[in-house]
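**Student:** Spelled out, the chains give:
Protein chains: 2
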Amino acid sequence: MGRGMVASVPPFAAPVDPAAAACVGTIKVLSMDAVEKAKSGHPGTPMGLADAAHVLFSDVLRHNPKDPRWLGRDRFVLSVGHASMLLYSMLHLTGYDLTIDDLKSFRQWRSKTPGHPEVGHTPGVETTTGPLGQGVGNAIGMALGAKMATARFGFPFQSTRIWCIASDGDVMEGVAMEASSIAGHLGLSNLCVLWDDNRITIEGGTELSFTEDVGARYAAMGWFVQRIDGHDHEALRGAFEAAKREATRPSFIVARTHIAHGAPHAHDTSEAHGAPLGAAEIAATKKVLGFDPEKTFEVHPLAVAHYETVRARLDVAHAEWHREYAAWREANRETAASLDAFIACELPDNLFEELLAAVPQKDDATRSLSSAVQQRVAALVPGLVGGSADLGPSTKTLIAKSESIARNSFAGRNLHFGIREHGMGAICNGLALFGGFVPYGSTFLIFSDYMRPSIRLSSLMGQRCLWIYTHDSLLLGEDGPTHQPIEQIASLRLIPGVALVRPADGLECAAAWTIALERKNAPTVFALSRQKVPAIARPQAFRRDDMLKGLYVAVEASRSPEIDVIIVASGAEVHGAIEARSLLESQGKSVRVVSALCLERFLEQSAEYRASVLPKGVRAAAFEAGRVGPWASVLGGDAILLGIDSFGASAPDTVLYKEYALDAASVAARITAAISTR
Amino acid sequence: MGRGMVASVPPFAAPVDPAAAACVGTIKVLSMDAVEKAKSGHPGTPMGLADAAHVLFSDVLRHNPKDPRWLGRDRFVLSVGHASMLLYSMLHLTGYDLTIDDLKSFRQWRSKTPGHPEVGHTPGVETTTGPLGQGVGNAIGMALGAKMATARFGFPFQSTRIWCIASDGDVMEGVAMEASSIAGHLGLSNLCVLWDDNRITIEGGTELSFTEDVGARYAAMGWFVQRIDGHDHEALRGAFEAAKREATRPSFIVARTHIAHGAPHAHDTSEAHGAPLGAAEIAATKKVLGFDPEKTFEVHPLAVAHYETVRARLDVAHAEWHREYAAWREANRETAASLDAFIACELPDNLFEELLAAVPQKDDATRSLSSAVQQRVAALVPGLVGGSADLGPSTKTLIAKSESIARNSFAGRNLHFGIREHGMGAICNGLALFGGFVPYGSTFLIFSDYMRPSIRLSSLMGQRCLWIYTHDSLLLGEDGPTHQPIEQIASLRLIPGVALVRPADGLECAAAWTIALERKNAPTVFALSRQKVPAIARPQAFRRDDMLKGLYVAVEASRSPEIDVIIVASGAEVHGAIEARSLLESQGKSVRVVSALCLERFLEQSAEYRASVLPKGVRAAAFEAGRVGPWASVLGGDAILLGIDSFGASAPDTVLYKEYALDAASVAARITAAISTR
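Heads up: the protein sequence lines correspond to chains A and B, in order.
Letter by letter, the first sequence follows residues 1 to 678 of the numbering used here.
Letter by letter, the second sequence follows residues 1 to 678 of the numbering used here.
There could be a bad hint or two in this list.
Copies of the same chain look alike in the list, so a pair counts if it works inside one copy or between any two.
To be verified - The calculated lysine to aspartate or glutamate pairs, modelled on EDC-like cross-linking and capped at a C-alpha distance of 16 Å, are:
{"no.": "1", "residue 1": "K532", "residue 2": "D364"}
{"no.": "2", "residue 1": "K362", "residue 2": "D67"}
{"no.": "3", "residue 1": "K39", "residue 2": "D653"}
{"no.": "4", "residue 1": "K66", "residue 2": "D315"}
{"no.": "5", "residue 1": "K616", "residue 2": "E320"}
No lab work stands behind these hints: they were computed from the structure.
Quantities reported herein were computed from a predicted structural model and do not represent experimental measurements.
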C-alpha cells in the first residue's frame with residue numbers, strides 16, 4: 001500500500017554542473033520574484049519542477065521558439081497550470097517572444113503572463129490549464145491526434161511527442177483518470193507524463209487524503225511507469241530517453257520532488273504552494289542558490305549562454321526537419337495536398353447546399369436526421385473525427401464506412417471513449433488543439449453535466465469542438481428523472497461563447513451543422529431528440545438561409561402583421577407549437593411560430609432582422625420542455641413561459657406530454673389563459 | 001496488460017441446487033418480462049447479476065423488509081441503476097412492499113418501479129442511481145457514515161456493511177475513481193463492491209475501449225481485490241465472507257459474468273443491454289431455465305419457499321439486534337439520547353438568533369464571515385460534517401476544535417477529500433443518505449462544474465447537502481478566467497429544487513445558514529466572496545427576519561414609494577449597488593437597493609411580500625458579476641441587466657472592477673443611461 005508518510009527533508013543540493021545550477025537557479029529566481037511582485041501566485045511548484053523543466057527543455061523537447069506553430073513540433077503541456085511561472089520562465093529562457101518585462105507583468109491586466117497559461121494568448125503555450133486534470137486529458141488528445149495524423153500523412157507527425165507535467169491534483173481528478181485509462185488502452189507511446197510527486201497539497205501533506213500507489217495505478221491502466229528522484233538530472237534524462245524508446249505504452253514518470261526546493265524554510269511546506277514566499281525567504285533562497293539577494297529577475301549569465309546553445313541546436317533540428325519535409329512533399333504531392341487541406345480545414349463554399357441535399361426525406365428523430373447530415377459532413381471535412389461515451393448506437397454519431405481507432409490502428413475516424421464523458425471532453429479539446437481535426441464528442445444531453453468543465457474550456461480556448469447531445473428532453477420517456485434533462489439547455493446557453501443548436505427537423509439539422517462548422521473558433525452544442533418529429537411544412541416562399549440566422553418564422557400568423565402571440569419554440573417543441581397554433585387560429589387568434597434553432601446566432605443578427613422576427617410590443621411565449629425562464633431577457637418580461645421547472649418522471653412520452661402540459665391542447669390553453677388574463 | 005479479449009462463451013449451466021436454480025430463474029424471468037411489457041429497459045444486466053444478487057440477498061445482506069429504515073441495517077446500493085429490475089425483483093422476493101402488479105407497472109407513470117431506482121419512492125431503495133459512478137460514490141459515503149457513526153455511538157452501527165454492485169460504466173467514470181481512491185485511503189473495510197465484469201458495453205465488447213486491469217487498479221488504490229466466477233454461488237459466498245473478514249481495506253470483487261446469462265442468443269451480446277429481448281428469445285430462455293414459456297411474471301414455488309425461509313431468518317436477526325440495542329440503550333443512556341438527537345437532527349427554535357449572535361463585528365470576506373457562523377452551527381448541529389476538495393484554508397470550512405477523519409480514526413468531523421470535487425459530491429450524498437449527517441462539500445465556485453451531476457442528484461433525492469463555494473466571481477482576481485465564475489450562479493439556480501444563497505455581509509451569512517439548515521429535504525448552494533466586504537448599514541427599523549424571505553429592501557429609496565429604479569444585487573455586488581445608489585440619489589434619483597440573498601426563497605413568499613419588495617411598474621436593474629439574463633423573468637423584460645456575459649481575465653480585482661464596469665460609478669452611469677433612453 002501507498003507511498004506512506006512524507007519522508008524527512010534531505011539537505012538541498014544544487015546540480016554539480018555550474019551551468020545546470022545557473023539555469024535551475026534562474027528558473028527559481030524568476031518564479032519567486034514574479035510571484036512576489038504580483039503579490040499573488042504559486043512559487044513552490046515551479047521551484048520543485050525547475051530541474052525537470054530544465055532537463056526537458058534543454059535535452060528533450062523538439063520545438064522552435066522562432067516558429068511556435070511548427071507543424072512537426074513536440075507539444076509541452078503544463079497540466080499543473082498554477083505553476084505558470086515555470087512555463088513562462090522556460091519560454092523566456094528558450095527564446096520565445098516573452099521578455100523579462102512580460103515576466104514582471106505576471107498576473108496583470110492585459111499582460112502576456114496571466115495567472116494560468118492561456119493558449120492563443122502567449123506564444124509557446126499549447127493549451128489553457130488551471131482546472132486540474134484537464135491538461136493531462138488535453139495531452140492525451142494531442143498524442144492521439146499525432147498518432148492519427150501520422151496514420152494519415154506519415155512523416156510530418158511521426159516524430160511528434162507530447163510531454164506533460166502533472167501535479168497531485170492532476171492525477172487525483174477523475175477527468176485525468178478517465179483520459180489516462182483511454183491512453184493506456186490505445187497504447188499512446190508518443191506521450192510522456194511526469195508526475196510531480198511532491199507530497200504536499202494545499203491542506204497539508206498528501207497523507208491527509210492521498211496514499212494510493214499512483215505508479216501502480218498507472219501500470220494497471222497499461223502505462224510504462226518509472227520512478228526517479230525529480231531533482232537528479234541524470235535520472236530525469238534517463239527517464240525521458242526510456243520514455244522515447246518505449247514503443248507500445250504511454251509513459252508515466254513518478255518524480256519525487258520537493259516543493260519550494262532550495263528555500264530554507266518554505267521547502268516541503270504547503271505554505272509554499274499558493275502565496276509569495278516573502279522578501280526575507282526569497283533573499284535567503286537566492287543566497288542558497290548563489291544569486292545576489294539584492295537583485296530581482298536576475299538571469300544568470302551561464303543560463304543565458306546555455307540556452308543560446310540550446311536554441312542553436314533547436315534551429316539546426318528545425319532546419320533539418322524542414323529539409324526532410326520538403327523532400328517528403330516533393331515525393332508525396334497528393335498526400336501533401338491532403339495535408340494542406342487538413343490543416344487549413346476550409347469548408348466548401350456551398351456547404352449549406354451540400355448538407356441540405358443530404359437530408360433524408362422522411363420523418364425521424366433529429367438524432368437520426370443529424371446523423372445523415374453528419375455523414376455528408378464527414379465526406380466534406382476530412383478533419384471530422386469523434387465518438388461517443390459508449391452511446392454510439394443511441395446518439396447515432398458513428399461515421400459510416402470508417403474504421404474504429406484502436407491500439408496500433410489509427411487510420412480510422414471513429415473513437416470509442418467508453419463510459420467516460422469528462423475524459424472524452426478533455427481529449428476532444430486536445431485533438432482540436434493539435435490542429436486539423438474537428439472533433440466531436442457525444443452522449444445523452446443529461447450527461448453534458450459530467451463534462452461541463454471541458455465544454456467551458458473549449459469555449460475559453462476558442463476551439464471548434466462539436467458537442468453532440470441526444471435524448472434532449474424529458475420526452476426521452478421511461479428512463480426517468482435521472483436521465484431527463486430539464487435545466488441543461490438553458491444552462492449550456494449560459495456558458496460564454498457557446499452556441500447551442502436545437503434543430504426541429506431535417507432541414508434544420510443541415511442548418512445546425514452549417515452554423516457549427518462555420519464557427520471556426522468556438523464550440524457548438526447540439527441538442528437532438530430521441531423521439532421522431534415530422535418535417536415542418538414550410539411555405540413556398542420560405543428562404544432557407546433564414547434558418548442560418550438562428551431564429552426565423554417557421555409558420556406565419558394568418559393576419560400578420562397583426563399578431564396576437566408569437567410562440568418561440570425549439571427542437572421537437574416546434575411541432576407542438578405549430579399544432580397549438582392551429583388550435584389557436586381556429587379560435588380566431590393570429591399566431592406566429594418562430595423556430596429557435598440557435599439563440600446565440602440570432603443575437604448576432606441585425607436589429608432589423610431581429611425586429612422582423614420578434615416585433616416589439618407583440619406578446620411572445622417561450623416553449624421548450626425544460627427551464628425557459630432565461631428567455632425572458634430576449635422575449636420581454638411579459639413573455640409567457642411554457643417550460644418545466646421540476647424534475648421529470650419515468651413514463652412513456654405520450655403520457656409525459658399530457659402530464660407536463662406539453663401537448664398542443666395544453667399549450668394552446670395556457671396561451672389563451674395568459675393572453676386573456678393580461 | 002489487461003484482461004484481453006472477450007473469452008469464448010461457455011455453455012450455460014444453472015445452479016445445481018434446485019431452489020437456487022428456481023430463485024435465479026425467477027429473477028431472470030421477472031426482469032425479462034417486465035422489460036418486455038414496458039417495451040423498454042435493460043434485461044441483460046439483471047440476468048447476468050441474478051446469481052450474485054440471489055447469494056447476497058439470501059446469505060449476506062442484513063436487512064429487514066418489514067422495517068426498511070432499520071437503524072442497524074446493511075445498505076445495498078445498485079450503482080448500475082439501469083439494472084433496476086434486478087433490485088425490484090429482489091425487493092419483491094424478499095418481501096418489501098412491492099407486488100407483482102408493481103413489477104408489471106415497470107417504467108409507467110406513477111408506478112413504484114421507475115426506469116431507474118429512486119430513493120424515497122420505493123421501499124428498500126437506498127439511493128437514486130442511473131448516472132453511472134454515482135452509486136459507487138454514494139456507497140463509499142454510506143460506509144464512511146457507518147464508520148463515523150460507529151466512532152460516535154458504537155453498537156448501533158458497528159455491524160453495518162455496505163454492499164454495492166457496479167458495472168463497467170461505474171468503474172470507468174471518474175467520479176467513482178475519485179471516491180474509490182478516498183475509500184482505499186481511509187480503509188473503509190465495511191464496504192464491498194462487486195464489479196459486474198461482463199465485458200459488454202453498449203457499443204460492443206469492452207475490448208473497444210476498456211482493457212485496463214481494473215482489479216490491479218483497485219489494489220493500487222488500497223483495496224482488497226478478489227477475482228471470481230460471478231455465476232458460481234460458492235465462489236460468491238466465499239468472496240462475500242472474505243470481504244466481511246477483511247479488517248483494514250474495502251473489498252472489490254471482480255465477478256466475471258455473462259450479460260443475458262441463459263438466453264440462447266442474447267447471451268454475451270451488447271444487444272441484450274438496452275432493449276427487450278423479444279417474445280421468441282424470452283420463450284426460449286424460459287425453456288432453458290425450466291420455466292413455462294406460456295406464463296409471464298412467474299415466481300417459482302421453490303423461490304417463494306426459499307425467500308420465506310430467508311425472511312424468517314432476517315426476522316430473527318432483526319429481533320436479536322433490537323434486544324441488544326435495547327440493552328445498549330439501557331446501559332448507555334446519555335449516548336442513546338445523543339443518538340436520538342443525531343438521527344432526528346432537530347434544529348434549535350432560536351437557530352437564527354444563535355447564528356446572528358455568532359457574526360463577527362468586522363468587515364471581512366463572506367467566506368470568513370460564513371466560517372464564523374459555521375462554527376456556531378457545528379456546535380448546534382452535531383450531524384454537521386464535511387470538508388473541501390483540498391481548499392480548506394481558502395474556503396475556510398474547517399470545523400475548529402475537531403479532528404480530521406483518517407484511517408482508523410473516525411471520531412472527528414473534518415474530511416479531506418483531496419482534489420476530487422466529484423467524488424466529494426457523491427460521498428456527501430452518501431453521508432446524507434446514511435442518515436443523521438448534514439454533510440457539506442466545499443471548493444471554489446468555478447469547480448462546482450466538476451461536481452454538477454452530484455449536486456443535481458442531491459436535489460433529486462431531497463438530501464440536505466450544503467455545497468459551500470467561495471471565490472464566487474471574477475473579482476477573485478489574478479487567477480484569471482479559468483478560475484473566474486461567470487455563468488455558475490445563474491446555472492446553479494436552474495437546477496430544480498436547488499436554492500442558492502449569496503450573502504452580502506455577516507448578518508446575511510447567519511440568514512444564509514438558517515435558510516440552508518431549514519431546508520430539510522433539499523440541498524443549498526452557498527456562493528461566498530474571496531474579497532472583503534463591508535457590513536450593510538441597515539436602518540434602525542430593519543427587521544432581521546426579512547433576510548430569511550430571500551429578497552429584501554437593504555437600503556430604501558429617499559422618496560419611496562416614489563422610486564425611479566430598484567437595484568437588485570447579491571453578495572459583494574450589494575455594496576457596489578449601495579454606492580451606486582448614493583451617486584444616483586445625489587443626482588436627484590430615488591433609488592432602492594434590494595439584496596438578493598436567495599431568489600428561490602423569495603419566490604416562495606406571498607404575492608404581497610413580493611410586490612412590497614419589487615412593486616409592479618417600477619424599473620429594476622439586476623446587478624451581479626456574472627450572467628444576469630435569467631433575472632429578466634423575475635424583474636420584467638425591461639430590466640436593466642448589469643452583468644458579465646464574457647469570460648474574465650487575470651488582473652487584480654481593483655482593475656477588474658473598472659474594466660468590467662462593475663465599480664459604483666460605472667453602475668450608476670449605466671443605470672442613468674438606461675433610464676434616460678427608455
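**Student:** Tell me the hint numbers this structure goes against, listed in increasing order.
**Tutor:** 2 and 5
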